[in-house]
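Student: Here's the letter readout for the chains.
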Amino acid sequence: MIQRSLALLLLAATCTFAQETRVIDLSPIARWIERQSKIRTIEADMTQSRALKTLRSPAKAEGRFWFESPDRFRWQIGDPPRTIAIGDGETITVIDGRRRTATRTRVEDLKNDASLRGMAEFPFAPDFATFRERFEVRDLRIDGTVCRVEMLPRDPAARKMLTRIILTFDTESGHLLSFEAVTKDGSSLRNEFSNVKLDRKLDPSIFAPDLSGYDVQDSR
Amino acid sequence: MSRIPASLRRIVLIAGLALYVAGGLSRISFDVDILALLPRHLSQVAGLSLVLEHFSLPNELIVTVESDDAEKTEAAARSLADALASRPDLANRALAEGPWENDPSGLGELLAFQLLSQPPGVFDALLERMAPANTSSTLQNALEELTDTLSPATAAIRSYDPFGFTDGLPTELLEQQQDGGGFASPDGLFRVVYVESAQPLENYRDCIRWVDEIKSLAADWNVSHGVELGFTGQPAFVADISGSMDREMTLTAGSALLLVGAIFWICYRRIRPLVVLLACVALIFALAMATAGWLLEDLTVISVGFAAVMIGLSVDYGYYVFNSAAHGAASLPDLRRKCLSNIAWTCSTTAAVFLALSYSTLPGLSQLGVLVALGVVIGATVMLGIFARFAFRHVTRFPLPSPLPIEHSLTSARLLRWAAVFTAIGGIALVSVLVFNGPPSVDFSANTMRPRKSGAYRAMERLSERLADDRGVLNLVVTGDSYEEVESRLHEADRQIAEAMARGDIASAMTATILWPSPERQRRNLEKAASLAADISRLREAVLEAGFTDQAFVLAESVLQRWKEWTPGQAPIWPSSDAASWILRRLVRHDDGELLAAGLVHPVPGHEEALLDSVGSPGIHLVGWDQLGRELRREIPGELTVMISAIFAAVVFILLIAMRSLRAVIFFVATQALSLACLAGATALLGGTVGLFSLAALLLLLGTGSGYAILPLLALRRNGGNSAAAQRELALVIVLCAASSIAGFGALGFANNLALAELGRTCALGLTISACISLFLLPPAWEALARRFPSRR
Chain P
18 MIQRSLALLL LAATCTFAQE TRVIDLSPIA RWIERQSKIR TIEADMTQSR ALKTLRSPAK
78 AEGRFWFESP DRFRWQIGDP PRTIAIGDGE TITVIDGRRR TATRTRVEDL KNDASLRGMA
138 EFPFAPDFAT FRERFEVRDL RIDGTVCRVE MLPRDPAARK MLTRIILTFD TESGHLLSFE
198 AVTKDGSSLR NEFSNVKLDR KLDPSIFAPD LSGYDVQDSR
Chain A
1142 MSRIPASLRR IVLIAGLALY VAGGLSRISF DVDILALLPR HLSQVAGLSL VLEHFSLPNE
1202 LIVTVESDDA EKTEAAARSL ADALASRPDL ANRALAEGPW ENDPSGLGEL LAFQLLSQPP
1262 GVFDALLERM APANTSSTLQ NALEELTDTL SPATAAIRSY DPFGFTDGLP TELLEQQQDG
1322 GGFASPDGLF RVVYVESAQP LENYRDCIRW VDEIKSLAAD WNVSHGVELG FTGQPAFVAD
1382 ISGSMDREMT LTAGSALLLV GAIFWICYRR IRPLVVLLAC VALIFALAMA TAGWLLEDLT
1442 VISVGFAAVM IGLSVDYGYY VFNSAAHGAA SLPDLRRKCL SNIAWTCSTT AAVFLALSYS
1502 TLPGLSQLGV LVALGVVIGA TVMLGIFARF AFRHVTRFPL PSPLPIEHSL TSARLLRWAA
1562 VFTAIGGIAL VSVLVFNGPP SVDFSANTMR PRKSGAYRAM ERLSERLADD RGVLNLVVTG
1622 DSYEEVESRL HEADRQIAEA MARGDIASAM TATILWPSPE RQRRNLEKAA SLAADISRLR
1682 EAVLEAGFTD QAFVLAESVL QRWKEWTPGQ APIWPSSDAA SWILRRLVRH DDGELLAAGL
1742 VHPVPGHEEA LLDSVGSPGI HLVGWDQLGR ELRREIPGEL TVMISAIFAA VVFILLIAMR
1802 SLRAVIFFVA TQALSLACLA GATALLGGTV GLFSLAALLL LLGTGSGYAI LPLLALRRNG
1862 GNSAAAQREL ALVIVLCAAS SIAGFGALGF ANNLALAELG RTCALGLTIS ACISLFLLPP
1922 AWEALARRFP SRR
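So the protein lines, in turn, are chains P and A.
With the working numbering applied, the first sequence covers 18 to 237.
With the working numbering applied, the second sequence covers 1142 to 1934.
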């Protein structure tokens, strides 16, 4: 009986060790990033869910997302839009449609705003080497054509706040399906993408909103 | 009345002296504040003194914890805080995280307090949002904001504050608390534990004992944790600096005593007189220290140097007494008579010059002047009263050879010739350095006044680097006699800051305006909030109905609960929770009837001077350590130059009356000028800088070194201009006096406090130069000139 218990214990320990030291095959991520780098434009519908300890159920909002290589994006919530974030590689402008205000921030000044910085660095990294420098992949699973990656930023400041980041993408189409950041206080922010269209010509006005009538401020 | 027996009189005298010394020594305390060394009338000194006096937290030790792993550092900081908190005899509290982490309602109390001082319009709008008719729409708006916002900070605040209590209030304070709140670096590798002493630390001895106990406990704890620890904060500074002052006072005095003893031994080769001389010096030291303890409140770091200076000066009287005894005194009264006039003259002139320093606007230097003046008077009295008796008896029983071997060597023509050549070459070389390399660089920064080695400084620098980089930041201090006056001055400061910001002089600023209470508005707003505070359950129901959880109502409940507890009659109301007190402790002060508010201003680099001109008015001080250095550089050289010139002019005037010779005065001035030029050259050559205390050293040089030039001039007159005869007469006296003074000042050159070391080094170097020029160059130069241009008189 004791021998059997010991054997089971040993087996359990070996399994745990094997799991901890399992080498994760990152090639799906490398291929996905490689495909992302060739994409010229993205246009997608989006659902944002924010789960908080102070809310009985997550707060959900519909929105839309546009990206144009190399670094222009527009992130819009609500229709008509209530909140818009537009980036051009150098600045990010956050527009509050209800209050008629807009705040411009230089990308280099975004050290303390992980959320906006994440947007500015879409899609996570320009190449696989940079991705590995920035993120530690904790788990990677493939279910059919859906690849689910659980990871954590290597930046200690970001690590202090986050429990995990979960990313899912389609291995065949290369489409980003969802992105979720879970913080240490148990809150999370999840964005799901659908109706993704790649490499279509985008109207330049998408990235140049008309701010007349808005109170525009520069933030440091 | 019967006569008291001599033995009883002696016992009473000794007992009285022992009591006097013990009482005086027990009263000695140190003022480690470097601002105590500086003139109080300077605006930066006055402002920084306010900051240190009211916001430096004298009972709070900061323990820094660092490792290369964030989780390890966090666990270690918590464990250390627990270990310290488990010793209530040592620590009142030890915190590794903000008090609000365990008691968020404390932040609610702070918010309740802040809101009460809001203008009626702002406060009424908040009440309106929570009125029965508007509650539902307010909560709906909050939900929409939570859904739409891209900012995690906004989401975090709104989710706990759906009624918008924090709307319109600056959120920097709240964000600061969320972002480590002064407890952790952004990467988490560096953390801080704040430890408050169980008992108030009354004096420097309490600080040293308490900090040592904490360090010892932490060292034992760290055996099993292996993290890097540092100790800083006001008690650590006091312990570090006072401890080194205590040691230095003993060490510099001890080493000066040793050197003085060695010089005596080299000259006279007698053990017993040497032992008695050292015992007399020790007695002088004890008496002078005790007198300092009785007369002065706190000794500053510079006055600590007085011991070595005083030993160097008062031992001169001992040499003189012994030398006079050795060169034939008929009786003890004869010896005392012969010595009295000379010692009284030198002692009173030295004491007068040092007393003149008491008029200096530099308190440390003024204190040093008083102490040395007292010390030399005590020294002269002890040497004439006690040492003369022993010296006479000893020399009568064991006569000394005449001339002494050392005297014979010192006055050989060959040595004097070579010494003159070397002094001339050295002088030319040093003046050349001055001419070709320029004067030494100038440094008036506060760094020149800090200790050379200090764990507390190192830990503070590391803390600034990793946690809160406050280098270059200016402190704003606003004072006033009433709440209304402070508030109005805070608004004035905000206005001045806003204008400076618009001009591009300020990058960012934070003042305590939002934290300053208005008793009048507190009364008015509390009355208005009374009905709402009674409506807590309705508001909670509304929050839950809107889709929030209980946690979303914690902040609101805490605020409303406080408003319910406080009454208008209590105004001015201050929060009392740990969390609120913690946040307020560095920003506002209202104890002991003193009302102060603080702030921080980040200037745009290069705009500091413009800022100081534009921000500040009565009761509003904008100050910084770098600005202190600039102010000292601007103000002090002028003040010291006036003082040095005045003392120098007085010495020249006295010399002119005493010698009635313009040529002697010209020689004196030329000798001092050459010595000064050589000192500047030597300082430049050694890579030294000119600062506040090297300028102050010039005053001491005037007090101790000018005599080296006066003595040869007097001797030349006595010896009909014969330089060799004058040198024979004075060589031993000048060498002995200079060596003992150089030993005294030189010992200070190794002091841990950089200002004291600078003072000691400059004086030792200056005295060496001055003695060599006066003894070896001045007499032959006088003779050569007299031969070429014979005096008409």
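One thing to keep in mind: the hints can contain errors.
[As the list claims (entries may be wrong)] Have a look at the derived ranges for each label pair, beta carbon to beta carbon:
| # | chain 1 | residue 1 | chain 2 | residue 2 | range |
| --- | --- | --- | --- | --- | --- |
| 1 | P | Ser-54 | A | His-1748 | 49 to 55 angstroms |
| 2 | P | Arg-121 | A | Asp-1691 | 36 to 42 angstroms |
| 3 | P | Ile-41 | A | Thr-1690 | 35 to 41 angstroms |
| 4 | A | Val-1745 | P | Ala-225 | 29 to 35 angstroms |
| 5 | P | Pro-45 | A | Asp-1209 | 41 to 47 angstroms |
| 6 | P | Ala-68 | A | Asp-1210 | 51 to 57 angstroms |
| 7 | A | Asp-1361 | P | Asp-156 | 39 to 45 angstroms |
| 8 | P | Ile-41 | A | Pro-1273 | 25 to 31 angstroms |
| 9 | P | Thr-180 | A | Thr-1690 | 15 to 21 angstroms |
| 10 | P | Arg-155 | A | Ser-1184 | 28 to 34 angstroms |
| 11 | A | Pro-1273 | P | Ala-68 | 28 to 34 angstroms |
| 12 | A | Ser-1672 | P | Asp-202 | 31 to 37 angstroms |
| 13 | P | Pro-45 | A | Pro-1273 | 43 to 49 angstroms |
What the hints contain is simulated information worked out from the structure, not anything from laboratory work.
Note that this is a predicted model, so its numbers are computed, not measured.
The beta carbon of each residue, even a glycine, is placed where N, CA and C say it ideally should be.
Student: A range of 36 to 42 angstroms was offered for this pair. Does it hold for the Cβ distance of Arg-121 (chain P) and Asp-1691 (chain A)?
Tutor: holds, 38 angstroms
Student: Range hint 31 to 37 angstroms: satisfied by the CB atoms of Ser-1672 (chain A) and Asp-202 (chain P)?
Tutor: holds, 34 angstroms
Student: Can you let me know if the beta-carbon spacing of Ile-41 (chain P) and Pro-1273 (chain A) is within 25 to 31 angstroms?
Tutor: violated, 57 angstroms
Student: How does the Cβ-Cβ distance of Ala-68 (chain P) and Asp-1210 (chain A) compare with 51 to 57 angstroms: does it lie in that range?
Tutor: violated, 30 angstroms
Student: Taking 41 to 47 angstroms as the stated bounds, is the beta-carbon spacing between Pro-45 (chain P) and Asp-1209 (chain A) within them?
Tutor: violated, 32 angstroms
Student: Do the Cβ positions of Arg-155 (chain P) and Ser-1184 (chain A) conform to the proposed distance bound of 28 to 34 angstroms?
Tutor: violated, 58 angstroms
Student: That 15 to 21 angstroms hint for Thr-180 (chain P) and Thr-1690 (chain A) (C-beta), does it hold up?
Tutor: For Thr-180 (chain P) and Thr-1690 (chain A) the Cβ distance comes to about 20 angstroms; the hint holds.
Student: Regarding Val-1745 (chain A) and Ala-225 (chain P), is the given constraint of 29 to 35 angstroms on their beta-carbon distance met?
Tutor: Given a distance of about 32 angstroms, which is inside 29 to 35 angstroms, the answer is holds.
Student: Take the C-beta atom of Pro-45 (chain P) and the C-beta atom of Pro-1273 (chain A), compute their distance, and say whether it sits inside 43 to 49 angstroms.
Tutor: violated, 57 angstroms
Student: So the hint says 35 to 41 angstroms: do the beta-carbon atoms of Ile-41 (chain P) and Thr-1690 (chain A) match that?
Tutor: holds, 37 angstroms
Student: If I claimed the Cβ atoms of Ser-54 (chain P) and His-1748 (chain A) lie 49 to 55 angstroms apart, would that claim hold in this structure?
Tutor: The hinted range 49 to 55 angstroms is violated for Ser-54 (chain P) and His-1748 (chain A), with Cβ atoms some 44 angstroms apart.
Student: Could you check the hint for me, namely that Asp-1361 (chain A) and Asp-156 (chain P) are 39 to 45 angstroms apart, CB to CB?
Tutor: holds, 41 angstroms
Violated hints, in rising order: 1, 5, 6, 8, 10 and 13; the structure is consistent with all others.
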